[in-house]
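Asks: These protein sequence lines map, in sequence, to chains A and B.
Per the numbering used here, residue 1 is the first one in the first sequence, and the count goes up by one each step.
Per the numbering used here, residue 1001 is the first one in the second sequence, and the count goes up by one each step.
Watch out, some of these pointers could steer you wrong.
[Claimed, not checked] Each pair of labels, with its calculated beta carbon distance range:
1) 1248/B / 92/A: 43 to 53 Å
2) 1048/B / 53/A: 28 to 38 Å
3) 17/A / 1239/B: 24 to 34 Å
4) 28/A / 1048/B: 51 to 61 Å
5) 76/A / 1149/B: 23 to 33 Å
6) 1248/B / 54/A: 19 to 29 Å
These are computed hints drawn from the structure, not numbers from a lab.
None of these values were measured; they are calculated from a predicted model.
Ideal placement from N, C-alpha and C gives every residue a C-beta, glycine not left out.
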Amino acid sequence: MRITQGTFSYLPDLTDDEISAQIAYALENGWPCSVEFTDDPHPRNSYWEMWGLPMFDMSDAAAVLYEINECRRAYPDHYVRLTAYDARYGRQTTALSFLVQRPAEEPGFRLDREETSDRRVRVRIHPYALDRPQGDRYA
Amino acid sequence: MNERPGFGMRPVGNGSHESSEDCSPAFPSAEADAGELLAPDARVDLAQERKESQADEVLDALDDDLVGLLPVKTRIREIAALLLIDRLRSRFGIASGRPNLHMCFTGSPGTGKTTVAVRLAELLHRLGYIRRGHLVSVTRDDLVGQYVGHTAPKTKEVLKRAMGGVLFIDEAYYLYRAENERDYGQEAIEILLQVMENQRDDLVVVLAGYKDRMDAFFACNPGMSSRIAHHIDFPDYSTGELEAIGHLMLEREGYTLASDAVPVFREYLERRRDQPRFANARSVRNAIERARLRHANRLLAGGTPVGRPELTTLRPADFLASRVFTLRE
Chain A
1 MRITQGTFSY LPDLTDDEIS AQIAYALENG WPCSVEFTDD PHPRNSYWEM WGLPMFDMSD
61 AAAVLYEINE CRRAYPDHYV RLTAYDARYG RQTTALSFLV QRPAEEPGFR LDREETSDRR
121 VRVRIHPYAL DRPQGDRYA
Chain B
1001 MNERPGFGMR PVGNGSHESS EDCSPAFPSA EADAGELLAP DARVDLAQER KESQADEVLD
1061 ALDDDLVGLL PVKTRIREIA ALLLIDRLRS RFGIASGRPN LHMCFTGSPG TGKTTVAVRL
1121 AELLHRLGYI RRGHLVSVTR DDLVGQYVGH TAPKTKEVLK RAMGGVLFID EAYYLYRAEN
1181 ERDYGQEAIE ILLQVMENQR DDLVVVLAGY KDRMDAFFAC NPGMSSRIAH HIDFPDYSTG
1241 ELEAIGHLML EREGYTLASD AVPVFREYLE RRRDQPRFAN ARSVRNAIER ARLRHANRLL
1301 AGGTPVGRPE LTTLRPADFL ASRVFTLRE
């Protein structure tokens, strides 16, 4: 199951040229970009690992794409996303965030039903990937 | 600060920074791909092409603002011509490799290496070779780290900042210290070489330094020398050129020379040239700075009312007081 997180996630995966164009747009707006990766696809997992520090003082998309490629090379079967942060007063939040790499095979999620007090039933989602330990979830 | 951004839901009020005009120069390649190929028998007006690229403005400015430096100007004109022709060729669909434009500027101090590098960045940007046209000027300190493992991230950081523009490494020979084999400079050179080779599309590296020391540097790093296509030597200025530079500087600062100060200024330059640590245009600038000091001091000491002519005219006395004239034989 193809997970949909962040901007553009309902579109086909972006090509490097399209990614560059998005980075260029972020840089035009003065948003520093950063690269993050994870192998825990749960939608509530908002804290991904950082690939290096956020990149300040960049003026060209090639530099950010270079880091993306470095991250892809180091973690070929992880999710990798690009995050652009808008530091403007009144916004100060992630302005753009989208996946730039996903594992070849995404096993998806199952629903676990759990009975709690008063015969209430809770449902939670469980990514199949989490059945294996961190690091070889998508190997 | 009162502007309330749209939180990504609606377009921001002015929206000016999102205009397509701003985004397009970032991707000349995509633009070129989108353009129609010309028919094989089409004719293109070169003069028109040249005008559109606006490269001539930069080249003319280079001619006007920089005195002398004929070999440098010729080489830069050649590069501009090559890039223009390459662009035309690609419009006909003729594939040609991207020319290697890494350069090495050698020359004595004050011969205009940095100034030319700035102009070069602008020129390459206008001709679409680089995407941004900014110049990142660094020295050894910015590239080489202080301890093990510090150099690689530091060098990469600088390279990333320079991407889309020109990386200017001043006094590049300091990167390699032959006497210390554990010097981290070698590591910086290796990373530099790798990026110069693999990311040729993304940045142009310009090394600068004094001729003899750069030669020694290249002798120790043959890989570096062969990856640099253009070795440009900046000749020393003649006295006549130095004088022209001086006049140009004075004009920019809003000063003129009194007619009897002109030969004194020339005499000054001739004497200064023969002295040690002569730094060409930089020495001329310093001479003018000192003349300005003496000029100001003279006016204050004179105590007479002054007008515009007095405030802008440098007299022979302002130069004759220099150490250069007293320090004779």
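Asks: If you test the structure against every hint from before, which numbers come out violated?
Replies: The structure breaks hints 2, 3, 4 and 6; every other hint is satisfied.
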